[in-house]
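Those sequence lines, one after another, are chains Y and B. The first sequence begins at 1 in our numbering and counts up by one. The second sequence begins at 1 in our numbering and counts up by one.
Source of the hints: derived by calculation from the structure; they are not laboratory data. Being a predicted model, the structure only gives us computed values, none of them experimental. Beta carbons are placed, not taken as given, at the ideal position from N, Cα and C, and that holds for glycine. Treat the hints with caution; some may be incorrect.
Label pairs and their computed distance ranges (CB to CB) [what the hints assert, rightly or not]:
| hint | chain 1 | residue 1 | chain 2 | residue 2 | range |
| --- | --- | --- | --- | --- | --- |
| 1 | B | 157 | Y | 132 | 35 to 43 Å |
| 2 | Y | 370 | B | 95 | 42 to 50 Å |
| 3 | B | 154 | Y | 373 | 52 to 60 Å |
| 4 | Y | 101 | B | 155 | 34 to 42 Å |
Subject to a maximum C-alpha distance of 20 Å in a straight line, what follows is the list of computed SDA-like cross-link-like pairs (lysine to any residue) [to be verified]:
| hint | chain 1 | residue 1 | chain 2 | residue 2 |
| --- | --- | --- | --- | --- |
| 5 | Y | 135 | Y | 112 |
| 6 | B | 147 | Y | 16 |
| 7 | B | 12 | B | 72 |
| 8 | Y | 67 | B | 38 |
| 9 | B | 95 | Y | 112 |
| 10 | B | 21 | Y | 266 |
Computed footprint of chain B on chain Y; a stretch qualifies when at least three of its residues, placed anywhere within it, have a C-beta under 8 Å from a C-beta of chain B [claimed, not checked]:
| hint | region |
| --- | --- |
| 11 | 181-192 |
| 12 | 260-269 |
| 13 | 278-285 |
| 14 | 322-328 |
| 15 | 336-348 |
| 16 | 430-441 |
| 17 | 481-493 |
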Amino acid sequence: MIKVFVPRDSTALSLGANRTAKAIQAEADKRGVEIVLIRNGSRGLFWLEPFVEVETEQGRVAFAPVKPKDVSSLFDANFTDALSNTAKEHSLYLGLVKELKWLKKQHRLTFARAGISDPVSLDDYIELDGYKGLKNALTMSSEDIVKAVTDSGLRGRGGAAFPTGIKWNTVLGASANQKYIVCNADEGDSGTFSDRMIMENDPFVLIEGMTIAGLAVGATQGYIYLRSEYPHSLAILNETISKAYNAGYLGDDIKGSGKSFYIEVRRAAGAYICGEETALLESLEGKRGLVRFKPPLPAVEGLFAKPTVVNNVISLATVPIILDKGAQYYADYGMGRSRGTLPIQLAGNIKQGGLVELAFGATLRELLYDYGGGSATGRPIKAVQVGGPLGAYLPESQFDTPLDYEAFAKIEAVLGHGGIVAFDDTVDMAKMACYAFEFCAIESCGKCTPCRIGAVRGLEVLHKMTSGQDYEKNLQLVRDLSDTMMSGSLCAMGGMTPYPVLSALNHFPKDFESQHK
Amino acid sequence: MSDTLAAADLIKIEAHIDAHKGLPGALLPLMHAIQDDIGYIPEEIYPQVSKAMALSIAEVHGFISFYHHFRTHPVGKHVLQVCRAESCQAMGSEKLEAYIKAKLSVDYHNTTADGKITLLPVYCLGNCACSPSVMMNEEIYGRVDMKQIDDIVNEVIHD
Ligand SMILES: Cc1cc2nc3c(=O)[nH]c(=O)nc-3n(C[C@H](O)[C@H](O)[C@H](O)COP(=O)(O)O)c2cc1C
Ligand code: SF4
Ligand code: FES
């Protein structure tokens with residue numbers, strides 16, 4: 001029977017994938033065409049969702065985007081025989097998936113499996129090289145696992161880019177009767193969805209990565225702190241975790257190794273600051289999400305005061321391929337001190353939004369135009385914000401910056417979690433600067449003054465400035481206030497809110513001046 | 001209102017409290033369990049929660065008020081969350097917000113007069129490649145325009 005694939009990822013659903021799937025099944029039944037309908041994950045070509053694939057002897061063929069109204073014409077064109085001439089002539093025919101330029105040029109390592117199969121099928125996962133990393137890890141000493149991760153050059157993908165192996169080594173070296181692996185799945189940054197995509201499209205790779213982390217540092221309990229805005233991720237994680245327990249990949253005596261590891265998902269409750277690792281730990285402990293002073297580092301005194309690895313979803317989901325193919329294989333990708341690949345998320349005013357995983361080193365321009373196809377509105381791209389709400393706004397003159405942690409630091413910008421949000425020339429950058437302060441005021445945990453008061457004051461002063469009151473004086477005030485926030489805040493919430501504000505001011509001064517003239 | 005709540009819902013709430021006793025960091029999952037079940041977290045239960053979790057009432061209150069997700073008052077039959085974050089702004093979410101507020105005649109954190117829909121802001125739904133986005137209950141919608149808002153609202157208003 002012919003296999004037809006319709007994704008079940010949230011973004012696919014948001015564009016009607018369930019309705020498309022239903023329509024395909026109904027039409028097949030009506031016409032007596034026998035198909036097996038599989039709800040696969042998404043490959044991340046989100047501008048083409050619902051992205052329907054049909055299996056052929058040459059590989060999968062794509063038709064996209066398929067709305068329910070297109071379904072009957074697809075059957076008329078005999079699309080289930082996707083290599084037929086009639087199928088090829090259909091206006092939604094895109095050809096073989098593996099030949100699509102957008103995918104072919106990517107370096108899919110962390111996302112190697114995403115979109116290929118049914119994400120909740122453990123059999124599919126294993127067939128597609130899943131659990132090979134764990135198999136190797138089970139034969140290795142903790143020290144060797146940590147060394148492999150260190151040698152791979154993997155740096156935390158949650159934002160701070162701290163070397164994962166070094167963090168693990170600290171936890172490994174700490175002696176305690178209990179240690180924890182905490183997966184940071186709070187993904188609060190606007191313009192990011194790669195964590196969500198892993199959890200919905202290849203959840204077992206995260207489970208495997210956490211299990212390996214547990215073996216590496218001697219932790220037996222893992223928690224996934226999942227943002228409450230992701231109900232589909234929650235359902236898929238719970239389903240796959242329970243399958244992993246039943247198949248002996250979690251629990252006591254993992255695959256007869258004598259090692260144990262347990263995972264539990266905990267839902268967050270809509271506070272952006274709980275993405276910060278110490279606020280997250282407070283929240284997991286059942287407290288308000290107030291940022292902790294460091295030291296002690298979470299690696300020394302983390303959850304319930306025990307040594308704890310806190311890692312982003314992508315960091316953990318990248319561990320299995322490192323343990324499977326070796327540290328060097330991963331480290332061979334990338335540039336400078338940014339080794340491996342970065343799952344980049346193209347968002348905002350962009351024609352071809354979605355997930356692009358590439359070795360570090362590609363430029364913003366390549367991403368925005370070669371992959372993104374320019375703005376969705378067809379107007380010039382005026383600015384992009386990279387790295388979430390605390391990331392700088394970059395003007396077109398900086399679009400040739402390579403995606404590399406150090407190159408971004410040099411221009412006072414951050415890569416963060418790899419989200420790129422494009423804005424066309426209708427954007428008012430003064431408004432975006434105001435929004436940055438407003439967001440900080442809403443989401444500040446309130447523990448330190450520069451952030452708690454600074455954000456509110458900053459917004460007031462910007463409003464005054466743009467309404468023409470004492471422009472020069474208030475401009476100086478914003479700059480002074482930004483200095484205070486950057487140097488005096490306890491965490492990057494207050495410490496980096498000035499990034500979007502100052503970059504908007506520095507690169508787009510006219511947007512601030514025009515209103516007072 | 002709270003009198004009618006007490007009888008049936010209190011039993012449910014007590015069951016949730018019992019089920020979470022002894023769990024490490026129980027307060028967070030417990031509050032979710034209660035809100036999922038009852039629709040909100042009634043302030044009358046703070047004493048029970050504080051006793052079971054060995055916390056002061058002030059701590060329980062401080063916890064619940066810290067998190068945007070938790071609410072201490074009932075909401076409408078349906079909850080419409082509208083994304084206000086940057087990616088959606090880049091695709092015109094501000095106009096959409098204004099349209100929705102006018103259409104429902106409510107501002108954020110309020111419920112329509114007929115009790116059907118509560119309107120909430122949200123900061124990113126992870127659907128940013130297809131902005132602007134909204135979520136009705138647990139259904140997510142991308143590349144939303146005004147016409148689609150009409151459809152989404154009409155669908156729930158008639159049940
Ligand atoms: C305000 C703020 C919000 C953050 N939000 C997240 C988040 O949503 N997800 C995440 O993985 N890291 C987030 N971080 C970074 C974490 O504090 C921490 O560095 C990260 O989880 C460590 O994992 P990694 O080394 O694998 O990146 C945030 C940091 C700050 C200051
Ligand atoms: S900078 Fe802001 S969010 Fe961070 S600890 Fe201070 S008040 Fe809290
Ligand atoms: S910013 Fe609206 S869905 Fe991410």
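(message) Hint compliance check: list the failing hint numbers for this structure, sorted ascending.
(response) 1, 2, 3, 8, 9, 14 and 17
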